[in-house]
Amino acid sequence: MRFTTKLLPSLSGNLGVLQLNNPKALNALAMDMIDCFSDTLDQWYHPNSQVRAILLKPADNEEAKRPIFCAGGNVKAMYESRMEQEGTHGQGVEGLATADFFRKEYNINYRLATSKNIPQISLWNGIVMGGGAGISVHGKYRVATEHSLFAMPETALGLFPDVGSLYWMPRLFKGGLPAYVALTGHRLKPEDLMYTGLATHYVPSEYLEELEKALVDASVVAKTAQETFDPFAAILMKFHEMTPVDPSDSFLAKQRKVIDDVFTIAPKTTTTSVGDDNVKMEDIMAKLETLKSTPNEQFACETLETLKKASPTSLKITLEGLKRGAAASSLGEDLQMEFRLSQACTRRKDTDFMEGVRALLVDKDKNPKWNPSTLEEVTEEMVESYFGPVEQEWKIPAPTDATAAKL
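Going by full-length UniProt numbering, the sequence shown opens with residue 1, and the numbers climb by one from there.
These are computed hints drawn from the structure, not numbers from a lab.
Owing to the predicted nature of the structure, the values given are computational and were not obtained by experimental measurement.
Take the hints with a grain of salt, since some may be wrong.
The following label-pair restraints were derived from C-beta to C-beta distances [to be verified]:
id, residue 1, residue 2, range
1, S12, T290, 49 to 59 Å
2, S330, E384, 14 to 24 Å
3, M242, S10, 19 to 29 Å
Think of the CB as a built atom: it goes at the ideal place given N, C-alpha and C, for glycine as much as any other residue.
My request is simple: use the sequences and hints to build the entire structure.
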């Protein structure tokens, strides 16, 4: 069992509690956290384990300016490893944000999604981004609070929404929502999370301590992991109904028609389909331009401004990835595709990843010099190259306690 102070596993009754405790990095996932998470799942998923459910939450941090669940993977560490270890990046050097990090992270995403008998309950009390979504959205229950703020902002960094996002977004979201959320990195508030179904419950933060105690009591009552009755569902619903959230207040609900009109795309036939007679990124931009002199002008202008700041290459591979992810036969097939994309984005010298992280997280000048700098310069051949095979492919990990993904 590998340990780190950045991730704190413990048992309370028969409830396995995992606390994210990396506040200096906004609880961003580091390699030692991934290793500890994996080893903890090995123990708690074991047939002889007494754990009946997993509670994932941020550790208490009174110094934080606002609550943080997990701000994603530590992409700044990836940047620094490239700067310090040029030529060895991605070759399995322990401690670096390499191919090993993505491989291990995706293993956890897959195991959480395919664990049938040990439900995970994630308390989204704060910011949830990138890798933070990966370690929680694949679980059975996601609890929003008034502090919840969810986003997949990768296109602004020269990356793409990964950790299974290209699979679950087209299935959980409908109409134009998958492309809109993935391309713009739009920040979802609690009412958006309830409107989309991304959060399964809403509980004000003042009741979280009481909720956790009730979950601990339920874990003791749940004598076997295989019993059909789920006591956790009833408890979560009880707390959820205490302070209901109106999904109609959601920004996404209010803008749904225009989002669907502009961003709805169709899936590819397979994850390896070449060519595209579907909606292109240029089509989306053109539709937004036509809305400038309409009642939807503000939405169009704000969305165009956001998209024009993003990496043109990231926008195109994300849109293509959504089409292929929608066609994937399983989460495993999608993660194999996403692993290829992750390696192309982070290991090539000619990609936008290094520049995006430099501009937003290192120098913080917020003025990335994308290459290519326009959508028109990003050809289909360039996009296709990101989906090509890599030397060491991601492989589906051995089954734990189930085989069917929930998303």
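**Request:** Could you say whether the range 14 to 24 Å given as a hint is met by the Cβ separation of S330 and E384?
**Result:** holds (22 Å)
**Asked** Does the Cβ distance between M242 and S10 fall inside 19 to 29 Å?
**Response** holds (27 Å)
**Asked** In this structure, is the beta-carbon distance linking S12 and T290 contained in 49 to 59 Å?
**Response** holds (56 Å)
Comparing the model with each numbered hint stated earlier shows that all of them hold.
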